[in-house]
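Enquirer: Below are the chains, spelled out letter by letter.
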Amino acid sequence: MKRLFVVLMALVVALGFASTIKIGAVLPLSDITGRQAANAMKLAVKEINEAGGVLGMPVELFIVDDEMKPEKGAAAIDRLATVEKVDFFVGGMSSGVHLAQIPILKKYQKITVWIGAASYRCEEAIGPDADWYFHLHPWDYLQGESYAHGWRAITQKYPQVKIEKIFIAYEEGAFGTSSFKSYQDEFELAKKGTGVWAGLMKDLKGAPFKSAALGGGDYRAVLMQAKQYNPDLFIWAGYDADAIPILIQAKEIGFAPKLFVGAPPGWPADFGKNPLSHGVILYGMWAPALKDVSPIARHFWDAYVKEFNEEPATYFAPLGYTNIMFLIEGIKKAGSLDKDAIIKALREIEYDSPVGGVLKISPSRIIKNQGFRAQKILQWQNGVQHVIWPFEYQTAELIYPFPGWTGK
Amino acid sequence: MKRNFVGYVVLAIALFLIALLRPYAFFYGVQRGSLYGLVALPLALILGIVGLLNLAHGEFLTLSLYMTYLLFTKWGMDPLVSPAVTVPLLLAFGFVVYKLVIERSLKTHHLNLLLLTFGVSIVMVESLNIWWTSRPRNIYVPYASTSVNIFGVYVGGYEFLYTIAVVLVLTGLLLFLKKTRLGQATYAVGQNPKGAAIVGINVKFVYAFVFSLAAGLVALAGALLSVRSSIFPQAGGPFTMKSFSLTAMAGLGNLPGIVLAGIVLGIAEEFVKSIPGYTGWADLVFFVVLIAAIVFRAFGRREG
Numbered sequence: 365m366k367r368l369f370v371v372l373m374a375l376v377v378a379l380g381f382a383s384t385i386k387i388g389a390v391l392p393l394s395d396i397t398g399r400q401a402a403n404a405m406k407l408a409v410k411e412i413n414e415a416g417g418v419l420g421m422p423v424e425l426f427i428v429d430d431e432m433k434p435e436k437g438a439a440a441i442d443r444l445a446t447v448e449k450v451d452f453f454v455g456g457m458s459s460g461v462h463l464a465q466i467p468i469l470k471k472y473q474k475i476t477v478w479i480g481a482a483s484y485r486c487e488e489a490i491g492p493d494a495d496w497y498f499h500l501h502p503w504d505y506l507q508g509e510s511y512a513h514g515w516r517a518i519t520q521k522y523p524q525v526k527i528e529k530i531f532i533a534y535e536e537g538a539f540g541t542s543s544f545k546s547y548q549d550e551f552e553l554a555k556k557g558t559g560v561w562a563g564l565m566k567d568l569k570g571a572p573f574k575s576a577a578l579g580g581g582d583y584r585a586v587l588m589q590a591k592q593y594n595p596d597l598f599i600w601a602g603y604d605a606d607a608i609p610i611l612i613q614a615k616e617i618g619f620a621p622k623l624f625v626g627a628p629p630g631w632p633a634d635f636g637k638n639p640l641s642h643g644v645i646l647y648g649m650w651a652p653a654l655k656d657v658s659p660i661a662r663h664f665w666d667a668y669v670k671e672f673n674e675e676p677a678t679y680f681a682p683l684g685y686t687n688i689m690f691l692i693e694g695i696k697k698a699g700s701l702d703k704d705a706i707i708k709a710l711r712e713i714e715y716d717s718p719v720g721g722v723l724k725i726s727p728s729r730i731i732k733n734q735g736f737r738a739q740k741i742l743q744w745q746n747g748v749q750h751v752i753w754p755f756e757y758q759t760a761e762l763i764y765p766f767p768g769w770t771g772k
Numbered sequence: 036m037k038r039n040f041v042g043y044v045v046l047a048i049a050l051f052l053i054a055l056l057r058p059y060a061f062f063y064g065v066q067r068g069s070l071y072g073l074v075a076l077p078l079a080l081i082l083g084i085v086g087l088l089n090l091a092h093g094e095f096l097t098l099s100l101y102m103t104y105l106l107f108t109k110w111g112m113d114p115l116v117s118p119a120v121t122v123p124l125l126l127a128f129g130f131v132v133y134k135l136v137i138e139r140s141l142k143t144h145h146l147n148l149l150l151l152t153f154g155v156s157i158v159m160v161e162s163l164n165i166w167w168t169s170r171p172r173n174i175y176v177p178y179a180s181t182s183v184n185i186f187g188v189y190v191g192g193y194e195f196l197y198t199i200a201v202v203l204v205l206t207g208l209l210l211f212l213k214k215t216r217l218g219q220a221t222y223a224v225g226q227n228p229k230g231a232a233i234v235g236i237n238v239k240f241v242y243a244f245v246f247s248l249a250a251g252l253v254a255l256a257g258a259l260l261s262v263r264s265s266i267f268p269q270a271g272g273p274f275t276m277k278s279f280s281l282t283a284m285a286g287l288g289n290l291p292g293i294v295l296a297g298i299v300l301g302i303a304e305e306f307v308k309s310i311p312g313y314t315g316w317a318d319l320v321f322f323v324v325l326i327a328a329i330v331f332r333a334f335g336r337r338e339g
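Those protein sequence lines, which keep their order, are chains A and B.
Quick note on our numbering: the first sequence kicks off at 365 and runs consecutively.
Quick note on our numbering: the second sequence kicks off at 36 and runs consecutively.
Some clues are possibly wrong.
For lysine-lysine, the following DSS-like pairs were computed, each having C-alpha atoms within a straight-line distance of at most 27 Å [what the hints assert, rightly or not]:
no.: 1; chain 1: A; residue 1: K772; chain 2: B; residue 2: K142
no.: 2; chain 1: A; residue 1: K529; chain 2: A; residue 2: K569
no.: 3; chain 1: A; residue 1: K545; chain 2: A; residue 2: K569
no.: 4; chain 1: B; residue 1: K109; chain 2: A; residue 2: K637
no.: 5; chain 1: A; residue 1: K433; chain 2: A; residue 2: K569
no.: 6; chain 1: A; residue 1: K386; chain 2: A; residue 2: K521
Label pairs and their in silico Cβ distance ranges [unchecked claim]:
no.: 7; chain 1: B; residue 1: I326; chain 2: A; residue 2: G618; range: 34 to 44 Å
no.: 8; chain 1: A; residue 1: E431; chain 2: B; residue 2: N147; range: 55 to 65 Å
no.: 9; chain 1: B; residue 1: I326; chain 2: A; residue 2: R711; range: 50 to 60 Å
no.: 10; chain 1: A; residue 1: Q520; chain 2: B; residue 2: V45; range: 56 to 66 Å
no.: 11; chain 1: B; residue 1: F211; chain 2: A; residue 2: D634; range: 51 to 61 Å
no.: 12; chain 1: B; residue 1: P291; chain 2: A; residue 2: V447; range: 54 to 64 Å
no.: 13; chain 1: A; residue 1: F426; chain 2: B; residue 2: K229; range: 36 to 46 Å
no.: 14; chain 1: A; residue 1: D666; chain 2: B; residue 2: W110; range: 40 to 50 Å
no.: 15; chain 1: B; residue 1: S182; chain 2: A; residue 2: E528; range: 26 to 36 Å
no.: 16; chain 1: A; residue 1: D634; chain 2: B; residue 2: I329; range: 58 to 68 Å
no.: 17; chain 1: A; residue 1: R711; chain 2: B; residue 2: F153; range: 45 to 55 Å
Looking from chain B toward chain A, a few residues come up when the C-beta cut is under 7 Å (computed) [unchecked claim]:
no.: 18; residue: R67
no.: 19; residue: S182
no.: 20; residue: P273
no.: 21; residue: T314
Just so you know, the hints here were simulated from the structure itself, not pulled from any lab data.
Quick reminder that beta carbons are idealized off the backbone N, C-alpha and C, glycines included.
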């Protein structure tokens with residue numbers, strides 16, 4: 365009798381394991397990007413389970429904090445694979461962390477849908493053979509290409525806008541230098557009359573700075589170099605901690621380029637309330653204003669606010685939601701947990717995302733499964749982030765030239 | 036002595052040339068260097084004079100940034116007025132940290148103090164992270180981004196407040212240490228705590244007072260910095276390293292040397308940053324100058 369009970373229990377446990385779809389997420393939870401992405405993932409899982417789960421099974425989400433440290437991020441993958449025994453990996457933010465995770469992901473070769481890590485170095489590390497790897501965030505070079513498409517469209521719609529001389533102030537870490545390198549590569553092509561910036565970018569200069577996030581915060585030397593160069597388009601690629609101090613110091617030295625662009629992964633709290641922010645352009649995958657033009661963005665916004673009593677503040681929130689929903693749509697379409705069937709399904713589905721746009725997989729330079737390929741061009745106007753391009757999602761007209769500092 | 040004199044002459048010529056060739060770098064260097072000095076002086080006071088280590092020094096600065104932010108956003112208090120509130124508050128906070136952590140490890144190995152204050156720094160960062168999240172906050176006041184004309188060179192005017200503040204704090208500290216009984220007692224405790232106790236000095240009080248005073252002075256630096264820096268849990272952390280570096284460069288207990296070292300390093304940093312193509316070398320130059328100064332001083336001492 366006792367033996368029968370043990371066998372029955374073992375069966376129940378085994379069935380129990382088989383009847384749950386386990387997703388393992390690795391995110392930097394102390395950072396707002398990771399925290400909100402984690403919240404959005406929980407929201408997606410809740411909605412899925414309330415709707416009856418997928419393939420008749422509930423979805424279980426395990427979230428591990430990578431603390432933005434490569435060694436912790438790599439250990440998190442190992443832990444999720446061996447302790448929680450997850451079926452899928454999701455998450456991601458930092459490229460540096462992801463570089464350490466890639467060898468571990470290759471060891472397990474589970475289906476991985478990653479929303480972070482924009483650096484081309486991660487794509488090189490993944491290589492062309494990882495058909496189980498899906499990367500949703502645009503690679504840095506894809507972002508650069510999409511900005512070119514955006515600026516070209518803007519110059520056509522607004523003929524007074526000129527984008528010939530570009531200056532890039534970039535933070536000296538992996539994020540900033542890889543962003544600048546992407547522009548340099550594109551500039552080399554443009555000089556030969558090829559590439560996406562051909563005929564648009566005539567000259568490019570750049571200088572690094574130490575981000576406030578890493579103990580820097582004095583940008584005046586770089587801004588002085590930019591001022592002397594007098595660019596049509598000025599871009600700074602740093603972190604949210606740099607956003608306001610750069611504006612203050614640009615005002616201080618009287619540097620007001622016609623297009624003042626910021627390209628951090630997130631923006632500081634209340635940036636829009638700062639009078640210096642009016643007219644600042646930003647690149648981003650998402651803006652809160654999208655909820656006024658996209659029903660799925662509206663659904664996500666309302667559900668997130670209701671669930672967590674806070675507003676989504678970075679694009680990692682709708683991207684985290686997309687991360688789970690896209691994977692689940694793939695499982696649904698595959699109709700089983702067979703790895704090859706899910707990979708095939710994920711390559712075929714089209715998911716209307718709250719990030720703004722339809723997510724569809726296509727190859728990038730090296731990997732086979734790249735998701736989003738473009739960022740959006742947004743502009744802070746009276747405290748609100750508006751979409752300027754793509755024009756199908758446009759929520760306001762472009763303010764040009766940058767209004768400068770008078771009266772601020 | 037002669038070697039020192041030659042060294043100072045070379046330094047003066049170098050600074051003059053930088054001022055002539057790159058006036059922006061010179062003025063910005065003076066400003067940043069003054070900030071480094073202003074933040075480092077309290078650390079130099081507790082480390083150099085009474086021999087207490089505090090690895091949470093930068094986090095004290097972070098706390099004062101948040102206090103200033105809170106006063107500005109909740110009650111509209113101007114950051115330049117806020118030291119009236121933040122200095123006493125941080126003074127009290129310093130006293131609490133001293134009583135809870137420092138006092139208990141005074142008679143143990145220095146390593147204990149190092150580890151304990153490192154623990155305090157982690158607790159402070161994580162607490163701020165939980166309370167405020169990692170998202171940067173900012174205080175905007177228009178006067179923090181105004182410019183002034185100095186001999187035809189337009190430079191930011193606000194950061195000269197760091198220079199004024201560092202001179203005032205240095206003067207105040209020197210007067211306190213040399214002209215008051217408590218200041219003399221502080222020196223005595225730093226040099227020989229047992230001897231000081233034997234002659235009737237309340238050693239525990241001196242330690243508590245100096246540690247709290249240092250925390251209060253950090254609040255002053257925090258108020259001035261708050262309108263120029265983003266405020267986030269790790270904002271003050273890097274200043275611990277810079278402050279230790281300046282203390283090492285100037286020599287323990289040499290408070291005027293801290294200010295001079297800060298300004299020299301600030302100018303060196305800004306000079307490198309002003310050269311197109313070499314902007315990223317600023318950190319390297321910072322530590323090269325630091326090591327050179329320490330080596331120079333070591334040779335000078337050996338000759339002496």
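Enquirer: Can you give the numbers of the hints that this structure goes against, from lowest to highest?
Expert: Of the numbered hints given earlier, those the structure breaks are 1, 5, 6, 8, 11, 13, 14, 16, listed in rising order.
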